[in-house]
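Take the sequences, apply the hints, and build the full model.
Here the protein sequences come in this chain order: A and B.
Mapping the first sequence onto numbering that gives the first Met the number 0, position 229 (from 1) lands on 228, and the numbers just tick up by one.
Mapping the second sequence onto numbering that gives the first Met the number 0, position 235 (from 1) lands on 234, and the numbers just tick up by one.
Don't read these hints as lab results, they were simulated from the structure.
Among the clues, some could well be false.
27 Å max Cα-Cα, derived BS3-like pairs, lysine-lysine [what the hints assert, rightly or not]:
#1 B:150 - A:231
#2 B:492 - A:134
#3 A:23 - A:79
#4 A:79 - A:134
#5 A:79 - B:492
One-sided excerpt, in silico: chain A residues whose CB lies under 8 Å from chain B [to be verified]:
#6 117
#7 120
#8 121
#9 157
#10 161
#11 162
#12 181
#13 190
#14 191
#15 193
#16 227
#17 230
#18 231
Derived contacts from chain A toward chain B, CB cut-off under 8 Å, selection only [unchecked claim]:
#19 124
#20 153
#21 154
#22 156
#23 160
#24 182
#25 185
#26 186
#27 188
#28 189
#29 192
#30 234
For every residue, glycine included, the Cβ atom is placed at its ideal position computed from N, Cα and C.
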Amino acid sequence: MNIGLGLPTTTAGVSGELLIDWAKRADAGPFTSVGVLDRIAYQNYEPFTALAAAAAVTRRVRLATMIVIAPLRNTAILAKQAASLDAISAGRLTLGLAVGARGEDYEVAQVESRGRGRRFAEQLETIRDIWEEGKIGPTPSGTGPRLLVGGSSGEALARMARYSDGYMHGGGPPRAFGGAVAKALAAWSDLGRPGRPVLWGMGYFALGDGTAEPGAEYLRHYYAFTGSFADKIAAGNLTSPGAIADFIRGYEDAGCDELVLFPTVCRLDQVDRLAEVIH
Amino acid sequence: MRYAVIGGGPAGLYFALLAKKANPADEVLVVERNPPNATFGWGVVFSEETLGALRDADYETYTEIGESFARWNAIDIYYRDTKIRSRGHVFTGISRKVLLNILQRRCQALGVRVEFEREIRDLREVEGADLVIGADGINGLVRRAYAEAFKPQIAVHPTKYVWFGGDLPLDAFTFIFRRNDDGLFQVHAYPFDAHTCTFIVECPEDAWRRAGLESASEAESIAYCETLFQPELRGRRLMSNRSLWINFATLRQESWHHGNIVLLGDAAHTAHFSIGSGTKLAMEDSIALVDALRRRQDLDAAVNDYEMERQPVVERFQEAALESSSYFEHVARYAHFDPRQFAFNLLTRSRRITYINLTQRDPELVRTVDAWFAATAQGSPDGALRLSPPPMFAPFRIGDVTLPNRVAIAAGADLETAARTGAGLIITDFVSVTEDGRITPETPVFDRARQHAMRGAVERVHQAGSQLALQLGHAGRRGSMRPRSQGVDRPLKQGGWRLIAASPIAFTPHAALPREMTRRDMTHIATVFAAAARAAAGCGFDAVELNFAHGYLLAGFISPLTNRRTDDYGGLLENRMRFPLEVLDAVRETWERPLLVRISASDWMPGGLELDEAVGVAALLKAHGCDLVHPVMGQTVWESRPDYRRLFGVPASDRIRNEAGIPTLASGNITTADDVNTILAAGRADLCRLDLP
Numbered sequence: 000m001n002i003g004l005g006l007p008t009t010t011a012g013v014s015g016e017l018l019i020d021w022a023k024r025a026d027a028g029p030f031t032s033v034g035v036l037d038r039i040a041y042q043n044y045e046p047f048t049a050l051a052a053a054a055a056v057t058r059r060v061r062l063a064t065m066i067v068i069a070p071l072r073n074t075a076i077l078a079k080q081a082a083s084l085d086a087i088s089a090g091r092l093t094l095g096l097a098v099g100a101r102g103e104d105y106e107v108a109q110v111e112s113r114g115r116g117r118r119f120a121e122q123l124e125t126i127r128d129i130w131e132e133g134k135i136g137p138t139p140s141g142t143g144p145r146l147l148v149g150g151s152s153g154e155a156l157a158r159m160a161r162y163s164d165g166y167m168h169g170g171g172p173p174r175a176f177g178g179a180v181a182k183a184l185a186a187w188s189d190l191g192r193p194g195r196p197v198l199w200g201m202g203y204f205a206l207g208d209g210t211a212e213p214g215a216e217y218l219r220h221y222y223a224f225t226g227s228f229a230d231k232i233a234a235g236n237l238t239s240p241g242a243i244a245d246f247i248r249g250y251e252d253a254g255c256d257e258l259v260l261f262p263t264v265c266r267l268d269q270v271d272r273l274a275e276v277i278h
Numbered sequence: 000m001r002y003a004v005i006g007g008g009p010a011g012l013y014f015a016l017l018a019k020k021a022n023p024a025d026e027v028l029v030v031e032r033n034p035p036n037a038t039f040g041w042g043v044v045f046s047e048e049t050l051g052a053l054r055d056a057d058y059e060t061y062t063e064i065g066e067s068f069a070r071w072n073a074i075d076i077y078y079r080d081t082k083i084r085s086r087g088h089v090f091t092g093i094s095r096k097v098l099l100n101i102l103q104r105r106c107q108a109l110g111v112r113v114e115f116e117r118e119i120r121d122l123r124e125v126e127g128a129d130l131v132i133g134a135d136g137i138n139g140l141v142r143r144a145y146a147e148a149f150k151p152q153i154a155v156h157p158t159k160y161v162w163f164g165g166d167l168p169l170d171a172f173t174f175i176f177r178r179n180d181d182g183l184f185q186v187h188a189y190p191f192d193a194h195t196c197t198f199i200v201e202c203p204e205d206a207w208r209r210a211g212l213e214s215a216s217e218a219e220s221i222a223y224c225e226t227l228f229q230p231e232l233r234g235r236r237l238m239s240n241r242s243l244w245i246n247f248a249t250l251r252q253e254s255w256h257h258g259n260i261v262l263l264g265d266a267a268h269t270a271h272f273s274i275g276s277g278t279k280l281a282m283e284d285s286i287a288l289v290d291a292l293r294r295r296q297d298l299d300a301a302v303n304d305y306e307m308e309r310q311p312v313v314e315r316f317q318e319a320a321l322e323s324s325s326y327f328e329h330v331a332r333y334a335h336f337d338p339r340q341f342a343f344n345l346l347t348r349s350r351r352i353t354y355i356n357l358t359q360r361d362p363e364l365v366r367t368v369d370a371w372f373a374a375t376a377q378g379s380p381d382g383a384l385r386l387s388p389p390p391m392f393a394p395f396r397i398g399d400v401t402l403p404n405r406v407a408i409a410a411g412a413d414l415e416t417a418a419r420t421g422a423g424l425i426i427t428d429f430v431s432v433t434e435d436g437r438i439t440p441e442t443p444v445f446d447r448a449r450q451h452a453m454r455g456a457v458e459r460v461h462q463a464g465s466q467l468a469l470q471l472g473h474a475g476r477r478g479s480m481r482p483r484s485q486g487v488d489r490p491l492k493q494g495g496w497r498l499i500a501a502s503p504i505a506f507t508p509h510a511a512l513p514r515e516m517t518r519r520d521m522t523h524i525a526t527v528f529a530a531a532a533r534a535a536a537g538c539g540f541d542a543v544e545l546n547f548a549h550g551y552l553l554a555g556f557i558s559p560l561t562n563r564r565t566d567d568y569g570g571l572l573e574n575r576m577r578f579p580l581e582v583l584d585a586v587r588e589t590w591e592r593p594l595l596v597r598i599s600a601s602d603w604m605p606g607g608l609e610l611d612e613a614v615g616v617a618a619l620l621k622a623h624g625c626d627l628v629h630p631v632m633g634q635t636v637w638e639s640r641p642d643y644r645r646l647f648g649v650p651a652s653d654r655i656r657n658e659a660g661i662p663t664l665a666s667g668n669i670t671t672a673d674d675v676n677t678i679l680a681a682g683r684a685d686l687c688r689l690d691l692p
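Below you can see the structure in the form of structure tokens.
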């Protein structure tokens, strides 16, 4: 199982400089990817912009959107952004797409949230065609960026199995990941897709003295829209090397191919602390 | 710390005494609207596991409870004129009244203030408390006062049931099934001391009306049930205690806490009585909440911890309880089962007990079921051998073909690899009856070259000991797609072909529009299906499976979502089935060996075909000579709402097999031998399609 590192694009008070240093350090470390999250109505960096910056200062790591809320974006422009980032990074993009979970993001983007699943399915049906036709360049090599789909509903899993290369899970304990994976594999096989889906998971961490509380505080804020569930997510933050090791083992056992751990405090020492744990 | 507990049932009292014991300086108040000795319901059941938790939480009450307990390890099933006893299930039961008295005394000894006969009508009456504990049941004030925060979902079950007591000494958890002119009635009875048992009677609502129980008094209800269950009651009496016929309601709530209020037991969640876990879950809630309060300084953190610990546990029980209640709601479906199979099906109803679990609990019963299953499979039910293979390895006879075992495998690209799995039946990939009926350019067409190549494959599969079914289909509107290695249902941009379908509706927003089939097209398609079946005989195939599923050509006729025809082939089910049945008839005329039909048993889409109608589809297929139905799910329309849970196709197989009375092949996320044995022994299918990784 590969281990990636999240970029702190959603934690408060991150400077552009810190973000770029973070990416550089991740590339120099044991990580195989850097990941970003997507919100609109939130104090965070736009995912493609952040990954383009990361692309410029990295040579090795894959660049992953985990996920980008596709229905908020025009499909042609989304396809073009992804193709551009893939070209700039010499084919290092893993494009994770989903419908997202916050109504607020749809409101501020002035996009109807009703019917978003169906529109997302149409986007998935089109996006590879756009890449292949070459009308909207830069034309990617092969079949385009690696495309993954997230979401937990049956519809989401069917879209994943129909159109993408694999599944991007939204976080939670290893057992939740395992349960989602079993359904993802069932969808893949039920739809008659040959081979198996690539499986990506994610988690949150905070390492070092005095980081647990601000880490939990950030998660409660980021997930405030889930109501009381935010407390549960905050309680699941990995705040010790032992907890991270258990989490990694659990995900590996559940068949995860790439696990990306996201910071909950934006101190640069988090990169080295995590690197130490996974070494 | 000051706690106010609303509701003096087991959850409330147990919380109160544990909290007071943990910190005697705390003030704990319990408010109960009834007097101390008024209790409704009769006995309470616990598992060994729960007893362990009660022992660790408070040894004093545990000892007292232990002294008053009835213990037993058997389940008796009275069905038709037989009684089957299954052993190895450890239960303990106690009178609810005795349990409450023990808890009340312990509360008193520890200094908990209990106020009986006081009804809280407004939560402001307890606003001085640091934490308010709602333990006042599903209809309680606390839960209803903050419904907006708790976000309840209440599902009311369709059957009627009533709690009685019985002065009947039982030594087993007892299920009785009895049919009379009014309908099928069942009893769930369990002892709680040496003389008395809880005696719950359950029946479908229509039986309840026919029996006149809707307007019956308590005494009349008792008289009716005493007469009905006279053989088992052996002259003993039923007793009432506010015994009214009601419908069970399953309560789920998104959250169990809000501000300084937290819910326990039935106020937080309910699970159908047929798995007997209400009090157990309630008292475990109390233990978890007190533990969390001891662990965490912060009240918010503590109630959150409590909820995080308990919600997954309760959800698992609720899942099992729903499976169990659904079994009892539809039990008439199994009324033709052999008693051994009936018992196995009943014991594995909640899906928590599988073939392997039951073997550990009661090896003798499972041996009996295996022996009966194997002997029946051989055609000689009386010749049962004590040593028999598990159901998965019993042969299956279908027409002139005998499968060596009950496992079917989807062949994939390589038939011989599939044969080497040892599966009894190999089903080929979709093979198209015409060039234009292909799904993708890679879909095989059953032409001369293909027939020649397959003749050799059939021989090699036979040498490996398996039997081979040819899956024939026509893609209809789902054709002209790219190879599935590039994705599924992605329309071909170049080199596509013209499509036909029941109605001109494209499968995806960018897929080609099919042409509506004419009568002439139909005659042609039926002819090519028949010709393909004839050729299949020449190749030596053992069975033919017609694909009437997954939105392909024939499925397109069956589903109301994709059939908008106004001629004889659209409209009511009978019309929508007309063309598929014409194809079936044409094939049946030329193909004498086993004929399977694959159908989508649900479109997984509002307005689409659902399971009820699929039973009707299966009955029509049966009447037209289909030997076995292979129900799959969905894929009728592009944006359906699938549910890929474990064993997702088994409920459809169960209903079709036991309501339409035709053998079935179950599929859908079946991945272990244990699943296969459980499904077969319980009579939910005759064959299982195993998904091997």
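Ascending list of hint numbers which this structure does not respect: none
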